[in-house]
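**Student:** Fit chain G to the given chain V structure using the hints.
Number of protein chains: 2
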Amino acid sequence: MSTDREEREARWALGLLPQVGGVAIRGLLDRFGSARQAWEAPTEALLAVPGVGPATAQAIREFAWKRAVREEQTRVARAGVHVMVWGDPDYPVRLGQIPSAPPVLYVRGTLERASEAAVAIVGARHATAYGEDMARELAAELGQRGLSVVSGLARGIDAAAHRGALAAGAPTLGVLGSGVDRIYPPEHEGLAEEIAGHGAVLSEFALGTAPLRPHFPRRNRIISGLSLGVVVVEASVESGALITAHHALEQGREVFAVPGRAHARYSEGCNRLIKAGATLVSSWEDVLEVLVPQLRRQKVSAPQTRPLPDLSPGEHQVFEVLEDGPLHIDAIIVRTALASGRVASALSGLEMKGLVRQLRGKLFERIRSRER
Amino acid sequence: MSTDREEREARWALGLLPQVGGVAIRGLLDRFGSARQAWEAPTEALLAVPGVGPATAQAIREFAWKRAVREEQTRVARAGVHVMVWGDPDYPVRLGQIPSAPPVLYVRGTLERASEAAVAIVGARHATAYGEDMARELAAELGQRGLSVVSGLARGIDAAAHRGALAAGAPTLGVLGSGVDRIYPPEHEGLAEEIAGHGAVLSEFALGTAPLRPHFPRRNRIISGLSLGVVVVEASVESGALITAHHALEQGREVFAVPGRAHARYSEGCNRLIKAGATLVSSWEDVLEVLVPQLRRQKVSAPQTRPLPDLSPGEHQVFEVLEDGPLHIDAIIVRTALASGRVASALSGLEMKGLVRQLRGKLFERIRSRER
Numbered sequence: 003m004s005t006d007r008e009e010r011e012a013r014w015a016l017g018l019l020p021q022v023g024g025v026a027i028r029g030l031l032d033r034f035g036s037a038r039q040a041w042e043a044p045t046e047a048l049l050a051v052p053g054v055g056p057a058t059a060q061a062i063r064e065f066a067w068k069r070a071v072r073e074e075q076t077r078v079a080r081a082g083v084h085v086m087v088w089g090d091p092d093y094p095v096r097l098g099q100i101p102s103a104p105p106v107l108y109v110r111g112t113l114e115r116a117s118e119a120a121v122a123i124v125g126a127r128h129a130t131a132y133g134e135d136m137a138r139e140l141a142a143e144l145g146q147r148g149l150s151v152v153s154g155l156a157r158g159i160d161a162a163a164h165r166g167a168l169a170a171g172a173p174t175l176g177v178l179g180s181g182v183d184r185i186y187p188p189e190h191e192g193l194a195e196e197i198a199g200h201g202a203v204l205s206e207f208a209l210g211t212a213p214l215r216p217h218f219p220r221r222n223r224i225i226s227g228l229s230l231g232v233v234v235v236e237a238s239v240e241s242g243a244l245i246t247a248h249h250a251l252e253q254g255r256e257v258f259a260v261p262g263r264a265h266a267r268y269s270e271g272c273n274r275l276i277k278a279g280a281t282l283v284s285s286w287e288d289v290l291e292v293l294v295p296q297l298r299r300q301k302v303s304a305p306q307t308r309p310l311p312d313l314s315p316g317e318h319q320v321f322e323v324l325e326d327g328p329l330h331i332d333a334i335i336v337r338t339a340l341a342s343g344r345v346a347s348a349l350s351g352l353e354m355k356g357l358v359r360q361l362r363g364k365l366f367e368r369i370r371s372r373e374r
Numbered sequence: 003m004s005t006d007r008e009e010r011e012a013r014w015a016l017g018l019l020p021q022v023g024g025v026a027i028r029g030l031l032d033r034f035g036s037a038r039q040a041w042e043a044p045t046e047a048l049l050a051v052p053g054v055g056p057a058t059a060q061a062i063r064e065f066a067w068k069r070a071v072r073e074e075q076t077r078v079a080r081a082g083v084h085v086m087v088w089g090d091p092d093y094p095v096r097l098g099q100i101p102s103a104p105p106v107l108y109v110r111g112t113l114e115r116a117s118e119a120a121v122a123i124v125g126a127r128h129a130t131a132y133g134e135d136m137a138r139e140l141a142a143e144l145g146q147r148g149l150s151v152v153s154g155l156a157r158g159i160d161a162a163a164h165r166g167a168l169a170a171g172a173p174t175l176g177v178l179g180s181g182v183d184r185i186y187p188p189e190h191e192g193l194a195e196e197i198a199g200h201g202a203v204l205s206e207f208a209l210g211t212a213p214l215r216p217h218f219p220r221r222n223r224i225i226s227g228l229s230l231g232v233v234v235v236e237a238s239v240e241s242g243a244l245i246t247a248h249h250a251l252e253q254g255r256e257v258f259a260v261p262g263r264a265h266a267r268y269s270e271g272c273n274r275l276i277k278a279g280a281t282l283v284s285s286w287e288d289v290l291e292v293l294v295p296q297l298r299r300q301k302v303s304a305p306q307t308r309p310l311p312d313l314s315p316g317e318h319q320v321f322e323v324l325e326d327g328p329l330h331i332d333a334i335i336v337r338t339a340l341a342s343g344r345v346a347s348a349l350s351g352l353e354m355k356g357l358v359r360q361l362r363g364k365l366f367e368r369i370r371s372r373e374r
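Sequences listed follow chains V and G, in order.
In terms of this note's numbering, the first sequence opens at residue 3 and continues consecutively.
In terms of this note's numbering, the second sequence opens at residue 3 and continues consecutively.
In isolation and in its complexed conformation, chain V is listed as follows:
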């Protein structure tokens, strides 16, 4: 499918119609081969697409999509917001693979590295101190080991997860149920700024979109879609976090839950998830144990970059992940998705070749070429 400028704008425009959800968009693209052709399709053909009813078909027919996109482009440029359209080379790979991938993402900050190996940490807004402590701790520990943390910027568990990642200097992604220029809840405006500085705040909703109730369950599919797995920290049985867990299952993501006391209201949802087969998490190790083999499989199937001369494939991979600065050995294991023994021997090899040196503890960095 070509994504020339006009097709890209046609897709973006699909994201501007609130009636058109992710499923309908995928149906339109499948049926008509391109977004452009979908905009030109007759009502009858539109009605044959799953998820498109008479009201949606009419809205599509009547929408001045070219003008709408042009106006949106102006707003976006003025707000300094980056836009990714499904099919763009920088659109997050994992999210792009879910059936209801959003046609457009509005991004404040940078998604690229953060979406490579991400884990979602979500939960109740009315959390307990126990829940917030666990969210912060898990986010910091996983962040230190090379994972970025995705959450929903809500009060309670979500905010604690973002803060834990920030405290550990790890990238974090906040997915909104409103436009990226309308942070909700308003007291998280400062937190959103910080997140945008160390990762990104993002949304599928156009600028200016209000944080309406139905946006949040829909937003949750993006949280799980960006992530290798979802950790639910505290959740009552009515919590939106359970919707995220449900999306995660549908998308083939891992589901984790932190246990709590049997009659504790905000642990009930988590205990139920565990009963239903979610992995019980009492520390970050429980999460990594499941995700590292996944990352490994993913790397095996990804196209290999050309190895540097004189380096073993393992040494090459380790050298590559050290590009952005020093890393703890655990982080190298996560990023390369190699077994710890292979990482250790690759590091020794790189040290002997004068390409890498060990700093304090188990922190390693590249030796800059000018030093060699």
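Since the hints were derived computationally from the structure, they do not count as laboratory data.
Built from N, CA and C at the ideal position, the CB exists for glycine as well.
Possibly wrong hints are sitting among the right ones.
To be verified - Partial chain V-side listing against chain G, Cβ under 8 Å, derived:
no.	residue
1	Arg28
2	Gly29
3	Tyr132
4	Met136
5	Gly262
6	Lys277
7	Gly279
8	Leu282
9	Ser284
10	Ser285
Unchecked claim - Beyond 12 Å from chain G on every Cβ pair, some chain V residues (computed):
no.	residue
11	Ala47
12	Pro101
13	Glu114
14	Gly133
15	Thr281
16	Glu325
**Tutor:** Frame of chain V, contents of chain G only:
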């Protein structure tokens, strides 16, 4: 294998030698065909039995077993303690099937009904208020539904479980790591009396045996052996309750655990059990859901008693379990191991036939013949 008086005494005597554990006893019986012949076996033949080393073989050869049993019989008669030898018709069926079934049980109280459908509820001695509340609640709720509660009479979770069962008027069994005349801890002497009045206090150890450390892990196999499943309520990672869970797995019993907060010391063992596949228990329903189908299978394979004339097989079963007094419909479901719908229609049938009547709530009782 015959269990005439002499063979019975020979088995009993095997239980009097502290060196001979359950595995060795089963080995001796398998090898020599009877306990009597084991006592007469030459050292070399004894050494060929798994679990029998030189010291044990010598102890067997030198033991004046006939005199020892006679002395024990006198002590037992004086103490008013009932003795069951493996092979006796009143020996608990389920316990008799485990490979390390104790050759002799000393019983204060009555085991018979209590061991039919029993669940073990065990845990840490140094429990939290949360743990003790859960133990008491689960024991009471399961007790009200026709299960008896097995535990170890220890401080903390065990005592709370016994008390919960007693509060619900349900039979409870306390298995000791000392002689039944030496209650440990001593402050539970009163609780032991109460338990003996509503079930039994029992032990495989001879009268007067002190509560030695190694007795307790060994005692735990009896707790699980008597039960359909073991619920661990609170346990640190070093807790003896995990040994009971381990026995339960080896014996093909169900393992349940009550979750707790991630870093709570006395929940760590439980959370680990859940991670390893134990059923998470947040209320009595989680236990019954697993055990009722088990009871059902067990009843199907048990020999059927002859139905009363004019009664359907379901009506007959329900009528039978009402022999000892009124029961709540849930308890009837557990005891008969019939589906709830079948129990409900059997009760209607019995009411129409004038054999059963409904008291307050969902409590049913037989109409005594003199009233009819």
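**Student:** Each hint should be assessed against the structure and marked as holding or not.
**Tutor:** Taking the hints in turn, this is what the structure says about them:
With a least beta-carbon distance of about 37 Å to chain G, the hint placing Arg28/V at the interface is violated under the 8 Å criterion. A least Cβ separation of about 39 Å between Gly29/V and chain G goes past the 8 Å threshold, and the interface hint is therefore violated. The beta carbon of Tyr132/V comes within 6 Å of a beta carbon in chain G, closer than 8 Å, and the hint placing it at the interface holds. A least Cβ separation of about 6 Å between Met136/V and chain G falls short of the 8 Å threshold, and the interface hint therefore holds.
The closest approach between the C-beta of Gly262/V and any C-beta of chain G is roughly 6 Å, which is under the 8 Å cut-off, so the hint is satisfied. Hint on Lys277/V holds. Least Cβ distance to chain G is approximately 5 Å, under the 8 Å limit. Checking Gly279/V against chain G by beta carbon gives a least distance of about 10 Å; that is not within 8 Å, so the hint is violated. Checking Leu282/V against chain G by beta carbon gives a least distance of about 5 Å; that is within 8 Å, so the hint holds.
The interface hint given for Ser284/V is met, as the beta carbon of that residue sits about 4 Å from the closest beta carbon of chain G, less than 8 Å. Taking 8 Å as the C-beta contact cut-off toward chain G, the hint placing Ser285/V at the interface holds, the least distance being around 7 Å. Against chain G, the non-interface label of Ala47/V holds: every CB pair exceeds 12 Å, the least being about 50 Å. The Cβ of Pro101/V lies farther than 12 Å from every Cβ of chain G, with a closest approach of about 31 Å, so its non-interface assignment holds.
Distance check for Glu114/V against chain G: the nearest CB is about 33 Å away, which clears 12 Å, and the non-interface claim stands. Distance check on Gly133/V: its Cβ comes as close as 10 Å (rounded) to a Cβ of chain G, failing to clear the 12 Å threshold; non-interface status is violated. Residue-level check failed: Thr281/V sits 7 Å from the nearest beta carbon of chain G, not beyond 12 Å. No beta-carbon of chain G is positioned within 12 Å of the beta-carbon of Glu325/V; the least distance is around 35 Å.
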